[in-house]
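Participant: Next come the chains, spelled out residue by residue.
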Amino acid sequence: DGGITQSPKYLFRKEGQNVTLSCEQNLNHDAMYWYRQDPGQGLRLIYYSQIVNDFQKGDIAEGYSVSREKKESFPLTVTSAQKNPTAFYLCASSIERGRPEAFFGQGTRLTVV
Amino acid sequence: DAKTTQPPSMDCAEGRAANLPCNHSTISGNEYVYWYRQIHSQGPQYIIHGLKNNETNEMASLIITEDRKSSTLILPHATLRDTAVYYCIVRFYYNQGGKLIFGQGTELSVKP
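Chains as they are written, first to last, in the numbering used here: chain A, 1 to 113; chain B, 1 to 112.
Next up, chain B with everything else stripped away, as it sits in the complex (with noise of 0.2 Å):
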C-alpha cells in the first residue's frame, strides 16, 4: 500500500469550507484513496473513498488530482462535531487481510 503524508494540524473557522490535502505520490494505477476520521476517545469512522473521479457524499467531498498523487478532502460547511484527527489511507480495494494503516494524520480543529 503507498503511503501518505498530511500536515499534522489545520484551523478552521465554524461555516467555511475545510479543505484537508493529502499527498501519495507512490499511488499505483489499481489503489483507491479513502478517508477516515477519529472524533476523540471513539472510534474511526469512515468518510468516503476514490480512484480517479471525484466524489461526494453527505458527509464530504474528495478531490483527486489527475495525475492521482493527491487528493483533498472538503467539508462544505465545518460544524464544531467535525474536530477530530483525519487519516488518508491509500491501498488496493480487495486487501488480504482487510488491513487499514492508519498514519498520523491531520488534526483538523474547527473555531467558532
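Bound conformation, chain A alone (with noise of 0.2 Å):
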C-alpha cells in the first residue's frame, strides 16, 4: 500500500546528540514537509521540499537540518542547537509544490533527556 512511513516512533536522545528522522514515501509525491507540533499546539512547519535536491526553511528551522537526494525520502535532522528538541515530529507530502491535499506519516516522538 502506497503511503508515509516515520521511523522510529519513539526515541530518546540525550542532550547535546544530533539525532535523524526518518520519513520514506512511496506515493510518488514531489513535495514532503516537515512539523513539529508541541502538546496542545497545532503544527508549526521546519522545513519544505518541492523537488528533489531542493529544500526551504519553514517558520521554525533554526537547529535543524534536512536533505532531499531521493525523491522518496526526506530525513531531518535535530542538532544539538535545537534548544528545545522534545516534541512529536511529523512528516507529510503532497502531489505537487504546494497543493495542500498532504498525506502525513504517524509521526515520531523525541524526547531529549
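I should point out that these hints are in silico values taken from the structure, not numbers from a laboratory. Please note that a few of the clues may not be correct.
Below are the DSSO-like pairs computed for lysine-lysine, each with C-alpha atoms no more than 27 Å apart in a straight line [said to hold, decoys possible]:
1. K71/A <-> K99/B
2. K3/B <-> K57/A
3. K99/B <-> K70/A
According to the in silico footprint, chain B covers these stretches of chain A (three or more CB under 8 Å from chain B) [claimed, not checked]:
4. 43-52
5. 101-108
Simulated restraints, written as ranges between beta carbons of each label pair [unchecked claim]:
6. D54/A <-> I39/B: 44 to 54 Å
7. V52/A <-> R16/B: 43 to 53 Å
8. P39/A <-> N23/B: 17 to 27 Å
9. Q56/A <-> N30/B: 19 to 29 Å
It should be emphasised that the depicted structure is a prediction, and the values quoted were computed from it without experimental measurement. For glycine and all other residues, C-beta sits at the position ideal for the given N, C-alpha and C.
Two chains, two frames, a set of hints: combine them into the complex.
Facilitator: Structural data, given as C-alpha cells:
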C-alpha cells in the first residue's frame, strides 16, 4: 500500500546529541514537509522540499537540517543547537508543490533527556 | 492565508450527525476551505475541501455559506472512531511552500 512511513515511532536521546528522523514515501509525491507539534498546539512547519535536491526553511528551521537526495526520502536531523527538541514530529507529502491535500505519516515522538 | 475560528470542543452522540462550525470572515475569493482531523498521537488526515459549492465525499460533507464567511463540516453518522481534533484551514490552492497553518481546532468527543 502507498503511504508515508516515519521511523522510529518513539525516540530517546541525550541532550547535546544530534538525531535523525526518517521519512519515506512511496506515493511518488514531489513535495515533502516536516512539521513539529507541541502538546496542545497546532503544527508548525520546519522545512519543506518541493523537488529533489531542493529544500526551503519553514517557520522554525533553527536547529534543524534536512536533505532531499531521493524523491522518496526526506530525513530530518535535530541538532544540538535546537534548544527545545522534545516534541512530536510529523512528516507529510503532497502530489505537487503547494497543493494542500497532504498525506501525513504517523509521527515520531522525540524525547531528549 | 485567512484566519479561522473554531469552538475548542464539542460533544456528539454516537450515530448522530456531528456538525463542526468554522468562521473565516476574512477569506478571499480564491481561498479554499480545507478540513483535516488528527486522532490522538497520529498524523493529521485530510478530510475534504471546497471553494464555493457544497462538497461531499465518503468521509464527510462540507457546507459553505453563500458569503463564504463560514462553513460547517458534517459527519453524518458519527462513530467513536471519529473522536479527534478537527482543523479548519483556509488557504490558496497553490501556496508557495505548501504550508498548512493549523490552528487550535475543535476537539470532538463522540460518546456512546
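Participant: State for each hint whether it applies.
Facilitator: Hints, one by one, checked against the model:
For a cut-off of 27 Å, the pair hint linking K71/A to K99/B stands: about 19 Å separates their Cα positions. Between the alpha carbons of K3/B and K57/A the distance comes to roughly 22 Å, so the proposed pair stays at or under 27 Å and holds. Annotation: proposed proximity of K99/B to K70/A holds, straight-line Cα distance about 21 Å (limit 27 Å). With a cut-off of 8 Å between beta carbons, the region 43-52 of chain A has 4 residues touching chain B; three or more are needed, and the interface restraint holds.
Counting residues of the region 101-108 of chain A whose C-beta sits closer than 8 Å to any C-beta of chain B gives 7, which meets the bar of three, so the coverage hint holds. Between D54/A and I39/B the beta carbons are some 32 Å apart, a value that contradicts the proposed interval 44 to 54 Å. In this structure the hint that V52/A and R16/B lie 43 to 53 Å apart at CB holds, the actual value being about 47 Å. Distance hint check for P39/A and N23/B: the Cβ-Cβ separation is about 25 Å, which falls inside the suggested range of 17 to 27 Å.
Taking the beta carbon of each, Q56/A and N30/B are about 23 Å apart, inside 19 to 29 Å as hinted.
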